[in-house]
Amino acid sequence: MTRYLVARVLQAVIAVFFALTAVFFLVRITGDPVILFLPLDVQPKDITEFRHLLGFDQPVWVQYGTFLGRALHGDFGASLRYRAPALPLVLQRFPATVKLAVVSLALVAAGAVPIGVVSASHRGSLVDTLGIAVTALGQAVPGFWLGLMLIWIFGVWLRWFPVSGYGDWTHFVLPALTLAAFYAAQIARVTRSAVLDALGQDYVRTARAKGMSEPNVLARHVLKNAAIPVVTVFGLNAGQLLGGAVVTETIFAWPGLGGYILNALLGRDFPVVMVGVLFTSLIYVTMNFLVDLSYLWLNPQVRYG
Amino acid sequence: MKRSAVILLMFGLGTLLLPAGIVAQTKPTQVTIGIGSEPLTLMGATIVDWTTNAQLENIYDLLFTRDPKDERIVPWLATGYKVVDDKTWEVTLRRDVRFHDRERFDASSVKFTFDYLLDPKNKTHYLPRFKRVQSVEVVNDSTVRFRTSEPYPSLLNDLSLPGPFMLAPVYVQKVGIEYASSHPIGTGPYKFKEWVRGERLVLTKNPDYWAGPVKIDTVIFRVIPEFSARLAALLSGEIDVMKDVPPQAVDTVNRSGRATVRSTVSSRINYLALETLHPGPMQNVKVRQAINYAVDVDELIKTVLAGQSTRICDYVSRFDPAYTPAVKCYGYNPDKAKQLLVEAGFDPGKLTLTLDTPTGRYPLDKEVSEAIAAQLGKIGLTVHVQVNEWRSHLDKIINRKVGDMFFLGWGPDLEPTGTIAQLFVGSLTYSSFGDPKIEEMIHKAEQITNPQANAAAYQKIQEALQPMAPWVPLWQQHDLYGVATWIKWQPRPDEKVWMWEATAK
Amino acid sequence: MGRPVRGPALAGMAIVLAALGCAFLAPYLAPYNPTAASFAAVLRPPSHAHPFGTDQLGRDVLSRVIFGARIALLVGIVTVVVAGLVGCSLGLASGYFGGWCDAVIMRVADVQLSFPFILLALTINAIIGAGLRNIIASLVIAGWPLYVRVVRGEVLALRNREYVQAAVATGAAVGRIILRHVLPNVTTPIIVISTLQVSQFIIAEATISFLGFGIQPPAAAWGTMVADGRNYIFFAWWLSAFPGAALALTALGVNLTGDWLRDTLDPRLRT
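Protein chains in written order, with our numbering: chain G, 4 to 308; chain H, 751 to 1255; chain Y, 111 to 381.
These are computed hints drawn from the structure, not numbers from a lab. Careful, some of the hints might be misleading.
[To be verified] Using 25 Å as the maximum straight-line C-alpha spacing, the simulated BS3-like pairs for lysine-lysine come out as follows:
{"#": "1", "chain 1": "H", "residue 1": "819", "chain 2": "H", "residue 2": "1036"}
{"#": "2", "chain 1": "H", "residue 1": "777", "chain 2": "H", "residue 2": "832"}
{"#": "3", "chain 1": "G", "residue 1": "48", "chain 2": "H", "residue 2": "1078"}
{"#": "4", "chain 1": "H", "residue 1": "1078", "chain 2": "H", "residue 2": "1052"}
{"#": "5", "chain 1": "G", "residue 1": "48", "chain 2": "H", "residue 2": "1194"}
{"#": "6", "chain 1": "H", "residue 1": "1036", "chain 2": "H", "residue 2": "993"}
{"#": "7", "chain 1": "H", "residue 1": "819", "chain 2": "H", "residue 2": "1146"}
{"#": "8", "chain 1": "H", "residue 1": "943", "chain 2": "H", "residue 2": "819"}
{"#": "9", "chain 1": "G", "residue 1": "48", "chain 2": "H", "residue 2": "871"}
{"#": "10", "chain 1": "G", "residue 1": "48", "chain 2": "H", "residue 2": "1036"}
{"#": "11", "chain 1": "H", "residue 1": "1100", "chain 2": "G", "residue 2": "48"}
{"#": "12", "chain 1": "H", "residue 1": "777", "chain 2": "H", "residue 2": "881"}
{"#": "13", "chain 1": "H", "residue 1": "993", "chain 2": "H", "residue 2": "1052"}
{"#": "14", "chain 1": "H", "residue 1": "1194", "chain 2": "H", "residue 2": "819"}
{"#": "15", "chain 1": "H", "residue 1": "1128", "chain 2": "H", "residue 2": "1088"}
{"#": "16", "chain 1": "G", "residue 1": "48", "chain 2": "H", "residue 2": "1088"}
{"#": "17", "chain 1": "H", "residue 1": "1210", "chain 2": "H", "residue 2": "1036"}
{"#": "18", "chain 1": "H", "residue 1": "1078", "chain 2": "H", "residue 2": "993"}
{"#": "19", "chain 1": "H", "residue 1": "1100", "chain 2": "H", "residue 2": "1151"}
{"#": "20", "chain 1": "H", "residue 1": "837", "chain 2": "H", "residue 2": "1086"}
{"#": "21", "chain 1": "H", "residue 1": "965", "chain 2": "G", "residue 2": "48"}
{"#": "22", "chain 1": "H", "residue 1": "993", "chain 2": "H", "residue 2": "832"}
{"#": "23", "chain 1": "H", "residue 1": "871", "chain 2": "H", "residue 2": "881"}
{"#": "24", "chain 1": "H", "residue 1": "873", "chain 2": "G", "residue 2": "48"}
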């Protein structure tokens, strides 16, 4: 067990390191960003001077070494765009993304799972068909389009919710729906098939034969056993929220991490990009790690070699 | 007894109502401006960026500024200037001006600002621009001297545009540059109140502003990067001001009852550059002239921009002293265009060109580029439009990897050394054209300090450029601002969003 | 293949056929030239002459949506084929050669799989640039790991079977072994995965185009059209609504068809 954990931690560290290195070199292939941070009326020799001031005239290996050395001390340099230390800038954007993710996850758990259960237990009925249709649509509709349509219908036309920005609970509704949609559809489907599978098992037939009521059957036997695949998919794909966040944050002007890193990438603000990649990969591997742990806990029969 | 009681009662009531009356009259006014990106720093004289400077302009002041109507340079924190000799400028300063922390503004503030700006350690964007300033000397409390390493005719112009804003030496030295970059102190009409990064900047009025009373009490700059969200916010009353309403939305805004579109002819020009700095068909002057004949600029203005642009036929805006109506437009003549192409040895039906354009940077830039491609298609040319993200667009131009033509805007264009001298010298960053004769004329013109002679020299340069057809000159943008109906404010051609000029109706 | 084709599957296949029809027959189906700008008819709402309205350059939106099917399906199918080929080859190599080769390939696949697909593709495009070729490249790079595991698993399972070991012992060529034993068993899961991936790739391309790294104008790509229409959502909702609906519908059709395929071919793969 311990050996397994250590191996996973090591693998996580390697993954993060790999990501950082890959992005570091790839981004520098696109040329140096110095010019992008200077005004339009700049002269060529000033560009050279600035390049030297910012350290971009050194060979890539040297730059990499400097970066690593400083990073180990927690110094990620200053944002080229904002002239302020990169790490605090990125950290500042955390709360907005985390809050949105939490709300979305809550929506998924509170919405998708019940839909899946109801759909499965009323298999073949109108409710079931409706559930299937909605979830199929949920997995087909692209997030960016859903967000725009929600803005248009509920923000512009009906004026029920604000169309952008970060504020009180009303600001969370549309972005959270957009972010949660695909994921919720997925979870609903998985829940439905897991419940269906469980319903078909022997122990359910036995329980029914013994005269147990349907809700009791569901509660006592079905849900517990259906939980494993559902939780697995839930955990494995929670990371999707981070990916979807980039699009959602862009559309809704959400001051979060995803949009910030994207802009830094576009603007070649290298220090911010590196911090961003570090955080994103850390979040990723941590989540995967937690999922593995929870899987272990949920289903102790599984052996890891 | 009764009467006196009534009088007393009325008096008492009156006294009670009086404060209510005063309060009703002086309800605090607040203007929320929707802006596309947040300020990069709150320290003046550091970064060149429109959004940053638009916000800083309300906190700090410059030595000189521009008249909102004709853009002529007027003294601001300075009271006047004198050219002592070729390399020395003397500037006299206003007395009795104080920073928000009550420290005095005087010659030492100017010296401090320029020492900061020119120090390589600070890596300010103004270092390259003010490179020719060797030092700033304090002559006395209200006089400074700028010593330059070579003649610097556009010094005044550079001092009048954002932003070598005047910094507060005592404050900055006390709290340090990093703190001062997020808690600014200036001499301007508004004091810093709060900055939530990525969300909003809140400013409150400076009751002791030296230039006069500040009429709007609070100014909030709210960051809304998504353009349609900004429009939505304007229409719902969440924000009061936004820049760059698209021409097609003008009716929607005007009919909304909440805001109206105020427009001004901007000093920013848009043009289609014909790239000659790498091998290609554009290196042939007849091809360039043909393109000029094949693009129907008036149709572009009428249909794509809904009339919201003012055409230019020369290479600068009307606010630029070098503007000259003597340089005439080529005029739309597709037959002549085809003929010229044939003379140049090309078959219009077989020629393929690329047009690089940014998107969302200038009003309808991508749409205009696509329309130009369609127009060129009418004479048989195949034009591939390459839409670039802004930074890639600049990258391509700088590295001369851009296509045969590219769309760009330049401004505020208020004098020729910032425009012509930058764009028609082959070795300079954003140039697309180089010609030894032109470059020599530019070099000579850059040395002329007398303003009229300077302008005349640049007019001659433009007249020489016209037959060489380096660009298809397009227009001066119209800046369309959506402004709430209760605000009295007129937009400026130099794109300053200066809330000191605003009042509530 | 004994399962009857029920409602949803039928609808799905009909949609896919319609999309394919649009892609192949676009020039005959589209009422107007999709790149023909008409400055007199800018931003017209849906009408009899233009059922989906016109865009900011006066181009007919319906025609552009029909032509958009070409790019969507091209990207979806080509990417799946290339990613599939790459993934399968690497999976075969990984399973067959084992050792070092296996370790490296699987580690890279794992690391890649642990990152969100769209972020990976987006980062690659942000670096290598936009355009059709680059999008396919980034989607292939982000997408190949999905196939590796399946193929590798199959190869490993087979390696230990007696008849395979016998074949190896008798000196039969590697190629023939793979062809005769591995591929047939791998085909079913690959087909199922691929079908479901087509819609993912189509949406991913649209998302990347939406964020600005995509297909260049004047080509009509659905994602680019939705992005362009974003600024006009206030007073010209049809610019974004129709291309996006086409995207959603196509993805839905492919998903439903893929589900049916999976249920028919190998119900074990239900997730």
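Comparing the hints with the structure gives:
1. 819/H / 1036/H: Distance ~40 Å between residue 819/H and residue 1036/H Cα, so the pair is violated.
2. 777/H / 832/H: violated, 45 Å
3. 48/G / 1078/H: Not OK: residue 48/G and residue 1078/H at ~36 Å, beyond 25 Å, violated.
4. 1078/H / 1052/H: The hint holds at about 20 Å.
5. 48/G / 1194/H: It holds: about 21 Å lies between the C-alpha atoms, which stays within 25 Å.
6. 1036/H / 993/H: violated, 39 Å
7. 819/H / 1146/H: violated, 36 Å
8. 943/H / 819/H: Since the Cα atoms of residue 943/H and residue 819/H sit roughly 31 Å apart, the hinted pair is violated (cutoff 25 Å).
9. 48/G / 871/H: Status holds; Cα separation ~17 Å.
10. 48/G / 1036/H: Roughly 34 Å separates the two Cα atoms, so the pair is violated.
11. 1100/H / 48/G: violated, 41 Å
12. 777/H / 881/H: Violated. Residue 777/H to residue 881/H sits at ~48 Å, over the 25 Å cutoff.
13. 993/H / 1052/H: holds, 21 Å
14. 1194/H / 819/H: It is violated: about 31 Å lies between the C-alpha atoms, which goes past 25 Å.
15. 1128/H / 1088/H: Judged against 25 Å, a Cα distance of about 10 Å means the pair holds.
16. 48/G / 1088/H: violated, 42 Å
17. 1210/H / 1036/H: Given that 25 Å is the threshold and the Cα spacing comes to 22 Å, the pair holds.
18. 1078/H / 993/H: violated, 32 Å
19. 1100/H / 1151/H: holds, 23 Å
20. 837/H / 1086/H: violated, 50 Å
21. 965/H / 48/G: violated, 45 Å
22. 993/H / 832/H: violated, 37 Å
23. 871/H / 881/H: Distance ~14 Å between residue 871/H and residue 881/H Cα, so the pair holds.
24. 873/H / 48/G: holds, 14 Å
When held up to the earlier numbered hints, the structure conflicts with 1, 2, 3, 6, 7, 8, 10, 11, 12, 14, 16, 18, 20, 21 and 22 and fits the remainder.
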